[in-house]
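Keeping their order, the protein sequence lines are chains B and E.
For the first sequence, position 23 (counting from the first letter as 1) is numbered 23 according to the working numbering, and the numbering increases by one without interruption.
For the second sequence, position 128 (counting from the first letter as 1) is numbered 1128 according to the working numbering, and the numbering increases by one without interruption.
I should point out that these hints are in silico values taken from the structure, not numbers from a laboratory.
Using N, Cα and C, we set each Cβ at its ideal position, and we do this for glycine too.
Keep in mind that a hint or two might mislead.
[As the list claims (entries may be wrong)] Coverage of chain E stretches by chain B, computed from C-beta distances (three or more under 8 Å per stretch; other residues unrestricted):
no.: 1; stretch: 1045-1055
no.: 2; stretch: 1232-1244
[What the hints assert, rightly or not] Here are some, though not all, of the chain B residues that point toward chain E, as calculated from beta-carbon distances under 7 Å:
no.: 3; residue: M5
no.: 4; residue: E19
no.: 5; residue: G22
no.: 6; residue: S23
no.: 7; residue: K114
no.: 8; residue: S117
no.: 9; residue: F120
no.: 10; residue: P125
no.: 11; residue: W177
no.: 12; residue: S179
no.: 13; residue: D308
[Said to hold, decoys possible] Here are the in silico distance ranges between beta carbons for each label pair:
no.: 14; chain 1: E; residue 1: D1024; chain 2: B; residue 2: I243; range: 53 to 63 Å
no.: 15; chain 1: E; residue 1: V1277; chain 2: B; residue 2: R116; range: 23 to 33 Å
no.: 16; chain 1: B; residue 1: K114; chain 2: E; residue 2: S1022; range: 29 to 39 Å
no.: 17; chain 1: B; residue 1: F231; chain 2: E; residue 2: D1024; range: 46 to 56 Å
no.: 18; chain 1: B; residue 1: E233; chain 2: E; residue 2: Q1189; range: 51 to 61 Å
no.: 19; chain 1: E; residue 1: K1124; chain 2: B; residue 2: L290; range: 49 to 59 Å
no.: 20; chain 1: E; residue 1: K1124; chain 2: B; residue 2: I3; range: 24 to 34 Å
no.: 21; chain 1: E; residue 1: L1173; chain 2: B; residue 2: A33; range: 52 to 62 Å
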Amino acid sequence: MNIAMGNTFKALVKREFWENKGSMFYTPGIMAAFYAVFLLILVMFGNAWVENGHYNIDLFDHLPKMTAEFDSINEEDRTKVVQMGLYGTSVSFIFVMLIISLFYCLGSLYDERKDRSILFWKSLPVSDLMTVMSKFVSVTLLIPVCYFIVISAFQIYSLIFATVGAWFGGSSGINIWASSNLFGVMFNMLFSLITVSLWLAPFWAWLMFASSWAKKVAFMWGMLPIFLIVFAEGWIFRSTYLIEVIGERFAEAGMILASNVDRLVDGDMLDGAGSAWYQVFGNMEFWMGLIVTGVFLAGAVFTRRFRDES
Amino acid sequence: MTSLIQANGLSKSYGSHQALKSVDFSVKRGRIVGLVGPNGAGKTTILKAILGLTSYDGELKVLGLDPARQRHQIMQKVSFIADVAVLPRWLKVSDAIEFVANVHSNFREDRARHFLSKTNIPMKAKVKELSKGMVAQLHLALVMSIEAELLVLDEPTLGLDILFRKEFYNQLLAEFFDEGRSILVTTHQIEEIENLLTDLIFIRDGKIVLDATMEDVAEKYIEVMVSKDDAEKAEALDPVMHRDVFGRRVYLFEGVSREQLEPLGELHSPSVADLFVAKMKEGK
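Assemble the whole structure, with the sequences as input and the hints as a guide.
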C-alpha cells in the first residue's frame, strides 16, 4: 500500500469515527460516567439508606474490617480478586459494544444510500474495496479500541475508588494497585476485544453485505434470511446445522471474553477449553471464519460497485 | 482538439425499455456542453455511464479510460455534482475539507478555504445546520478546488433560488472553467445557462436529436417574426415550428438561408428553450 492509499484509508476510518462518534465513543463514555456517579452516590448516601432500612449495616463501620480482611489474604488470591473485579467492570461495556457493532454493520452500507450521500462519496477517487475495508476495519479495530479506552479509564477510576475506600478503612491501598496487574489486564482487554470482533467477523461481514443490498429496513434484510434458512433447513433436512454453527460462534465468543477470568480461576468458570484470547488464532474455525468473511465482504464490494443508484 | 468523452453506439436497456438507443457524441476539451432533454429521455443514464455508475453497451471512453472498469482512475480527473449527490448531514465543514484533501490528490485545500471564506459558512458547522443554498455553496467550493479536467453537473441548482443559481454559474465560469477543462451540464432551467454553453446536445427518447456548437445553432436555426399577410410565404419555406405572438406569427426555420428569410421580417436567433420545444415536437 503506497502513501496515498494509506492516507486515503486513514481518512476513511476517520470518516467512520466522525459519523459514528455517538455509538463508538459517547455511548460507552456516558455509561462509564453513569457508573462512576452511581458508585459515588452509593457511597455517599448508601450509609443513610442502610441505616433507615431493616438491615442496619453501616458501610463505614465495615470498611476497616473489609480492608483488613483484604490485606490479610495471600497475594495470589488478592490478585485474583482485584483482577476479576477489573474484568468484571468491562462486562456491560462489551455487551453494548457487540450490539453497537451489529447496528454499525447494518448501517454501514445502507445509511449512505438512505441519506443519498452515496453519490458524493462516489464522486471521490476512492475504490469500493477501500470503502468496504475501511468499514470492516472500523468494526474489528476502531470500535474495540474506542471501547477499550473507555473501559480502561473506568478501570483506573475503579481502582482509585477502591483506594479511597481503603484509606477510609485505614490502609494505604497500595495492595490494590500492586495486585491489579493493571497493564496486563489492559493488554488482555484490548486484545480480547479485537479478537472477539474478529471471531465474529463472518457475522459482521454478512450484516455489511445485507446492508449493501437492503432496500429498506436493513435490520430485516440482515436477520430474515438467517431465520428463513434455519427454518428451511429444519423443514427440509430436519437438521439444525446452521443455527448450531451460529450458536457455537457466539458461545465461543463468550468463552474468549471469559478466558481472562477463566485463567484466574483455573479455567473452570465456563467449562471452556479456551484459556486465552490468543489461542483463538490456533483454531481452524477462526481462519475458516475469515474466509467466509472475505466472501461476504467481496459481495458487499461488488454490490456497492455495481448497484445502479436510481 | 482532444475528446474528453467519446461515445460510439452507447446503449442501455432497463428490462425491455431502451433508455439509450445507440448514441454517438463527443465532448472536447475546453467546451461547456448542455445536455438537454425531457424527463426520461436518457440524460441521467448518459451521465451515469460516463461516471461509471451504471453498466452499458457500446463504446465509451472518458479521458481515454473505460468507466465500467477504470472508474476509480477516472474519478481522479472527473468531478460531479448531482442533485441526488447530497452531502451527508453529519459532516462538519472543516472535516469535509480534511477528508477530500486526504483522499483526492488533485484537491487544493487552500482554494477550498479561500472559497469558503467568501461565504457565510462557518467551518465548525455541520451540514445539517446549513441552508440548502449554503450546502450547494460548500459542495461547489469542494468541487471547484479539485483540479479536474471534466466536471459533470446534473441539475446542480435544483431547488435553489434565482440569486444563488446565477451566482453558482458565474463562480463556475470565473473560478473553474478554462480551455483545458470541460463541463457537461444538464438542467431544466436551460435559459439560465444558454449564454454559458459552447455546445448543445438534445436528447429525446434515448436518441440524440441535435448535437451542435452554439455557433452552428445560430447559423442553422433562424426565427422570423412574420405578419399574417406573409404567413403563406413563410409556410412555403417549410418552417419547423411556429407560434403566435401578439397577432403575429413567429416561424422557426432550420437550414434556410438568411437571404431567403430576410424579406419576410426581422431575423432572430431562437432561444434554446424555443429550439428545444421545436425539436421535441418534431415528427410527433
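Evaluation of the provided hints:
1. 1045-1055: holds (count 5)
2. 1232-1244: violated (count 0)
3. M5: Since the shortest Cβ distance to chain E is 10 Å, the answer is violated.
4. E19: Constraint on E19/B satisfied, holds at 5 Å.
5. G22: violated (9 Å)
6. S23: violated (12 Å)
7. K114: violated (10 Å)
8. S117: Status holds, d = 4 Å.
9. F120: With Cβ-Cβ at 5 Å, under 7 Å, it holds.
10. P125: Holds, about 4 Å.
11. W177: Result: violated, 40 Å to nearest chain E Cβ.
12. S179: This interface hint is violated because 44 Å lies over the 7 Å limit.
13. D308: With Cβ-Cβ at 5 Å, under 7 Å, it holds.
14. D1024/E x I243/B: 53 to 63 Å: holds (57 Å)
15. V1277/E x R116/B: 23 to 33 Å: Since V1277/E and R116/B have Cβ atoms about 31 Å apart, the given range 23 to 33 Å holds.
16. K114/B x S1022/E: 29 to 39 Å: Holds, since K114/B and S1022/E (Cβ atoms, about 35 Å apart) stay within the stated range.
17. F231/B x D1024/E: 46 to 56 Å: Holds: the Cβ-Cβ distance is about 53 Å, inside 46 to 56 Å.
18. E233/B x Q1189/E: 51 to 61 Å: holds (57 Å)
19. K1124/E x L290/B: 49 to 59 Å: The hint (49 to 59 Å, Cβ to Cβ) is violated, given that K1124/E and L290/B are roughly 41 Å apart.
20. K1124/E x I3/B: 24 to 34 Å: holds (29 Å)
21. L1173/E x A33/B: 52 to 62 Å: Once the Cβ atoms are compared, 53 Å apart, the range 52 to 62 Å for A33/B and L1173/E holds.
In the structure shown, a violation is registered for the earlier hints numbered 2, 3, 5, 6, 7, 11, 12 and 19, in ascending order.
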